[in-house]
Amino acid sequence: MNTGGLVLVVGSLLSAASAFIWLALRLENGPGHKKPKNKQEQEALVTDAAKEDVEHIFNADFREELRNRGRLHFEKILSENAMFLQQDLRETTAQLNEYMRAEITRTLQEEFKKYEQSIVDAKQIALQSIEKTVTTIDQQRQFLEQQMQAQANAQRDRIIERFENEMAAIINHYVLRAVGDQIDLSDQLEFILGELEANKQAIIEDVKSGTS
Amino acid sequence: MEHLRLPNTVISPIDVARLLRELNNLDDFFVSVKNRQAGTSMQLPKLSRQLDQLSHDNELNLLDESHRAGLNQKLTKIYEAAPKMHISFASEPSSKPFEDILLWLRKNIDPHTLVTVGLQPAIAAGCVVRTSNKLFDMSLRAGLERQRPYLARLIKGAVDGR
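Protein chains in written order, with this note's numbering: chain W, 1 to 212; chain V, 1 to 162.
The list that follows gives simulated cross-link-like pairs (lysine-lysine, BS3-like), each with its CA atoms no further than 25 Å apart:
#, chain 1, residue 1, chain 2, residue 2
1, W, LYS200, V, LYS107
2, W, LYS208, V, LYS107
3, V, LYS46, V, LYS34
4, V, LYS96, V, LYS107
It should be emphasised that the hints constitute simulated quantities derived from the structure, not laboratory data. Small disclaimer: the values here were computed from a predicted structure and weren't measured.
Could you put the whole structure together from the sequences, leaning on the hints where they help?
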């Protein structure tokens, strides 16, 4: 209900009250008062008659009729005001709903923004952490790779060295076994005599020192 | 005193010792011949091929006591003072090549060189000569051992692809 409606309701109530007050004052000065026998009495009679007429006019039925009318008018006013009030209430509710929706939307948007920002921050932190982890893992991998490469090289060198040594021994052993039973002394004679010739001086010296 | 020419069949100190023993037996035989009674039977000693060749090579008459005594003296001296060597082969040496080796030793080292033969199958080929103080490894095994660094270099080159 707006202000105009309230003013109308209050104005109507005040006018009805004024009418009742005016009627009460008129009835108090009506035909019930004794008139002087003279003119005053006549006037009194007239007044009484008027009062009686007034009473006839504003009898109980008329007052009841007026009450009904007033009640109906009051109810009409109340109904209209209720309608206005309902309309205003509906509009207010709609506005309130709109306001609430807007507020909620704004709040939610703000919260969503904060949430998105939090997600972005968390994502950034996670990315930084992942980058650090990746960097650490990469360093570890490089370190391990270097270590493994060094170990592999050392192992390879050891294997090659062992292979060279063992292989030479294996070949020697194989040659010894392979040719041991195959070469006759006559085939070796030239070699043996050559070796003896090469060691001749040493043998002679050792023989002389042994016999002296 | 003239040097005794040792035949190629007399190789080791054992052979010389056997000759000495045989020579002593021969002396004993002749002593017993002198002291035997007439008509008693006697068995003639058989000379070994080595002693026979030794006496032949040195133009000695073993019936002559002085020759036997001289031979005994020379053999004893050889047994005691001749250079002794121990030669190991991978397998039992055949006679002819070994005779060549013995000849070379007696020609180049000492005419009375005595050689003991041994076996070392591990040396594969060649021989190992051991004198009184030294060891001369003339085997294929030693040769391969000496060439081992070269073989290792060859293997390494093959592994490295060079």
